[in-house]
Structures are given as C-alpha cells and as structure tokens.
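2 protein chains.
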Amino acid sequence: MDNRPIGIFDSGVGGLTVAKQVMKVLKNENIVYFGDTARLPYGSKSKETVTRFSKQIVRFLLTKNVKAIIIACNTASANSLEELRKTFDVPIFGVVVPGASEAVKATKNKKVGIIGTLGTVRTGEYKKLICEADSSIQVFSKACPLFVPLVEEGWTNTEITKLTAKEYLGELLKEGIDSLVLGCTHYPLLKRCIGDIVGENVKLVDPAKETAITVKNFLIDNNMINDGKEDKNHIFYVSDYTEQFDVLCEKALKKVYKPQVIDIESY
Amino acid sequence: MDNRPIGIFDSGVGGLTVAKQVMKVLKNENIVYFGDTARLPYGSKSKETVTRFSKQIVRFLLTKNVKAIIIACNTASANSLEELRKTFDVPIFGVVVPGASEAVKATKNKKVGIIGTLGTVRTGEYKKLICEADSSIQVFSKACPLFVPLVEEGWTNTEITKLTAKEYLGELLKEGIDSLVLGCTHYPLLKRCIGDIVGENVKLVDPAKETAITVKNFLIDNNMINDGKEDKNHIFYVSDYTEQFDVLCEKALKKVYKPQVIDIESY
Numbered sequence: 001m002d003n004r005p006i007g008i009f010d011s012g013v014g015g016l017t018v019a020k021q022v023m024k025v026l027k028n029e030n031i032v033y034f035g036d037t038a039r040l041p042y043g044s045k046s047k048e049t050v051t052r053f054s055k056q057i058v059r060f061l062l063t064k065n066v067k068a069i070i071i072a073c074n075t076a077s078a079n080s081l082e083e084l085r086k087t088f089d090v091p092i093f094g095v096v097v098p099g100a101s102e103a104v105k106a107t108k109n110k111k112v113g114i115i116g117t118l119g120t121v122r123t124g125e126y127k128k129l130i131c132e133a134d135s136s137i138q139v140f141s142k143a144c145p146l147f148v149p150l151v152e153e154g155w156t157n158t159e160i161t162k163l164t165a166k167e168y169l170g171e172l173l174k175e176g177i178d179s180l181v182l183g184c185t186h187y188p189l190l191k192r193c194i195g196d197i198v199g200e201n202v203k204l205v206d207p208a209k210e211t212a213i214t215v216k217n218f219l220i221d222n223n224m225i226n227d228g229k230e231d232k233n234h235i236f237y238v239s240d241y242t243e244q245f246d247v248l249c250e251k252a253l254k255k256v257y258k259p260q261v262i263d264i265e266s267y
Numbered sequence: 001m002d003n004r005p006i007g008i009f010d011s012g013v014g015g016l017t018v019a020k021q022v023m024k025v026l027k028n029e030n031i032v033y034f035g036d037t038a039r040l041p042y043g044s045k046s047k048e049t050v051t052r053f054s055k056q057i058v059r060f061l062l063t064k065n066v067k068a069i070i071i072a073c074n075t076a077s078a079n080s081l082e083e084l085r086k087t088f089d090v091p092i093f094g095v096v097v098p099g100a101s102e103a104v105k106a107t108k109n110k111k112v113g114i115i116g117t118l119g120t121v122r123t124g125e126y127k128k129l130i131c132e133a134d135s136s137i138q139v140f141s142k143a144c145p146l147f148v149p150l151v152e153e154g155w156t157n158t159e160i161t162k163l164t165a166k167e168y169l170g171e172l173l174k175e176g177i178d179s180l181v182l183g184c185t186h187y188p189l190l191k192r193c194i195g196d197i198v199g200e201n202v203k204l205v206d207p208a209k210e211t212a213i214t215v216k217n218f219l220i221d222n223n224m225i226n227d228g229k230e231d232k233n234h235i236f237y238v239s240d241y242t243e244q245f246d247v248l249c250e251k252a253l254k255k256v257y258k259p260q261v262i263d264i265e266s267y
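Protein sequence lines correspond, in order, to chains A and B.
For the first sequence, the UniProt record's numbering begins at 1 and goes up steadily by one.
For the second sequence, the UniProt record's numbering begins at 1 and goes up steadily by one.
Some hints could be false.
Claimed, not checked - Covered, in the sense of this in silico footprint (three residues per stretch, anywhere, with C-beta under 8 Å from a C-beta of chain A), are these stretches of chain B:
id, region
1, 79-86
2, 161-173
3, 239-248
Hints were generated in silico from the structure; no laboratory data involved.
Ideal Cβ placement from N, Cα and C applies to all residues, glycine included.
Throw the hints in and build the complete structure from the sequences for me.
So this is what it looks like as structure tokens:
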C-alpha cells in the first residue's frame, strides 16, 4: 500500500477532465493537480519549450511527494513523455499511449481520425503508436486550434462552433473514419457538437478514461494502491489564478476547488 | 541625437503590427523587438502575472541598451504600464493612452466602443482615460477572446469569423457607437471583416499609429532622434520559436526577420 498522492498536470484547466476520470476510477487516491495557467496554452508551442515547462512541473510535483505522475495534457504527453521518463525517477504516464491503444480497439474499418492541437498533431505520436500496434490501420490527423478557445468562451454548442467543427472534421469524414480520438483535454466538452457532425457511426475516443485505467492497473500490479484509511484530500495548484479556473472546475468536477498559486518558473 | 534602439515588446507576434507603424513613422530608428511566444497569450491572465512577465521583459530589453520602450500589447499596457514606469528608469509608452486619445478625437456622437482581450477590458483603462479626457463620452466595452485565435488560424475573413464578429459587436452597435477602438494588436488584421459588420459610419481606431506618433514627438522634444548615419538594424527576439512567427511576420512586415530565442524566465 502507498498512500502518497498522484500528481496530475496540464497546461491549464483542461486536465481537470482527466482528474475527473482518475477520481472516478481510483476512488481512494488523493490528487495533487497542477495547471500551468500562467503559460497556457501549450498547443501552439515548440517541443523544446513544452518539455522545459513540463520538467519544471515534475520537479514541483516531486516536492509534493507524489508516487506517480499523469501528464493530462496531450501536447505535453506527445512532446515530452519520453524525455521526462529519462530524466526523473518516478512513474510517469501520458494520455497519448492509452488513447492510441483505445483507438486500436475501437476501429472496425481500420480508419482512425485524430484531432488535437498543432503541437500534438505535429509530433505524429498518435499515428506512430497506432501503426505500431496494427500496421493495417490508416490514421488521419487534423489540428483544430479553435476548439480550445471556443470551449473557454463557453460556446460549446453554438452555430459558430458547429461550423468550425464542420470545417475541421470534413476532411476526416471524407476519408471514411469510424473512430475519432479527442486528442486534447478540452475536446470532451465539445462531445455533443462533434458527435452531431460526425454522426453516430463514428466512435469518439476519450483518452482520459483509458489513462485512469492504465494507472489503476499499474498501481495494483505494484502494490501501490491507497488503502483509503486516511481522509481524502485533493489539492490544486496553478501558476496564475483568474475566475476562469472556477468556471471550468465547476464544469469538469461539479465542484469548485480553490487553487493555490505558485511560481513555477522557480522550479 | 541618440542612436540607441527602441525596445518594443508584446505577448507574441501581434505587436509586429505596432513595429510596422513605428518603422513607418520613425524611419531612422532601430528596433529591438521581443515577443513572449513561450507564454502567450496575456489576454486571459491576471494583472499580477502580466506585470511580472512585463518586468522580466523590460529587464531583458535594458540589457540591449534601449533608449525607450513601447509596450505593443494592449493587455500589458492596460495592466502594467504604471507599475513599469514606477519600477524602471527608462521612458515607457503603452498603446492604451494614445489609443484612448485617438478615440476622443474620432467620436462625433460621443459614443465609443472598445474591443480587446478579457484582460484589457477588465482593467477599464480605455474607459477611464476616455472619460477623463471628455466626461460626456459614453464608452461601451466588449471582450472578444476568439478574435486572436481566428487571426492565428488565418481565418481573417471567413463566414465563421463574420458570425463571431456579429456576435461580439452586436451589443456595441445597438448602443449606437460611431467609433470603435481595435484594442488588441491582432485586430487590425480583421479590419475588413470588422468594417463590414459595423459599416462605414463607424470609424475604426488603431492605437498603433497614434502610439508611433506619440513616441516620435517625445524623441523630438527630448532630442533623442536617431540621426540615421549608421546602418539600420532591427533585431527580433522571442521566448519560443515556431514557424508561426515567420507567417505572421511576413503578414505584418512583408518580410521575414529570423528571431533569436532567449530564456526570458532568467531575467
């Protein structure tokens, strides 16, 4: 048994959708969440910068005595997981590996679509992992930079969002995909709108759930599960606080956790 | 005469539209430009964080021996100008003061609209300055968070952008404004689309031109103009480099300047 908390980090608040799945699948675990709200978003930034930021965050989380770390952010998972694992002596999980594995299971016609930020799509990580698992699968990727600001504006199902989704998803639909990976933590909040555009024959894959299951299995296999005998205590940190945190926290977790602000640049 | 360069900084690449006006109005001056591309955008972030970032940037620009500094970013101008002027012993200019002064001149019916980021609108700086200059003017503000990502996606005049502009500008038009301040460096790139929505009876005010004129007058009054005897040399720095810089540099300055990447967190 290991009652230390699990660290979860994200470029901002989108990772709260991953925290939600972890809370659901790993009911006894405590979470230390960090959102890099001062420097978000990561999706448009270079591999070098995303990796530098991620290293600072892992160093911060290690000061909170975490037993494992989940990179909730797809961009950081795709760009920095390997380098973080090389650098730090703590189990680290990204969302891309579980997401890719779920996509392989989901597709019947062997045509998978991936949507994400520019930074995620640029790495080709989802495509690489899916093709390694099954080389007969064709993968079609599309960066959708406007989806995150649309969610943050609260326009999750407006005419403008529908038109944007049509514009982004049109090419993928023409390719005949039967599964679509929501490769960015904000996208599950657009599930209804995206679902309406792609139709019910295209399965939407949310990597968050599979990630939580992967971490659960790891903790069980390594005898590191929290025994649940102590009171539960989730703690939230951000690098910048505005009310937007509360709004998205309420939306994702149905509860507002007040975050502490820390200076991530000093780590 | 003072042949030292002028420092210009912005949260990213939008400030290149201000650099363009400075190059036009102050033909003999050299520019040292810094774009905080690793931590952009500033528009959604708190006053404290924007001011902390701005201080790091001023410290960096001072190492480049600048004779004056222009804050090209509306969000940083609105949130941090006062604090920067208190902290540093170098002439510092924002875009909000000149923009407000231009709006006062532009309006005939005394009804002015302001559009900008959440962070700019939240400060109420434009409104305060305009009302101080003429208390009979009514000011109506609207944050337009989607305009920046729409420009960065290259969708400057699509159906989606038109619908978004209609949504954001509808309220201001109902108030009967006759002038509209483009209170964010990206917005001049949407001039055509915004102009179509508001109609030709609403004057669009771009603070960049007036800012360049303000700085020119200051340099003349203080005998600090560059004598133009040395070769011109504009230098560009960013905190993160991706090809997006080249794209927007080409769009704003009709030329691609290759930027140097620096670690702004160490200043």
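A quick look at each hint next to the structure:
{"no.": "1", "hint": "79-86", "in the structure": "violated (count 0)"}
{"no.": "2", "hint": "161-173", "in the structure": "holds (count 3)"}
{"no.": "3", "hint": "239-248", "in the structure": "holds (count 5)"}
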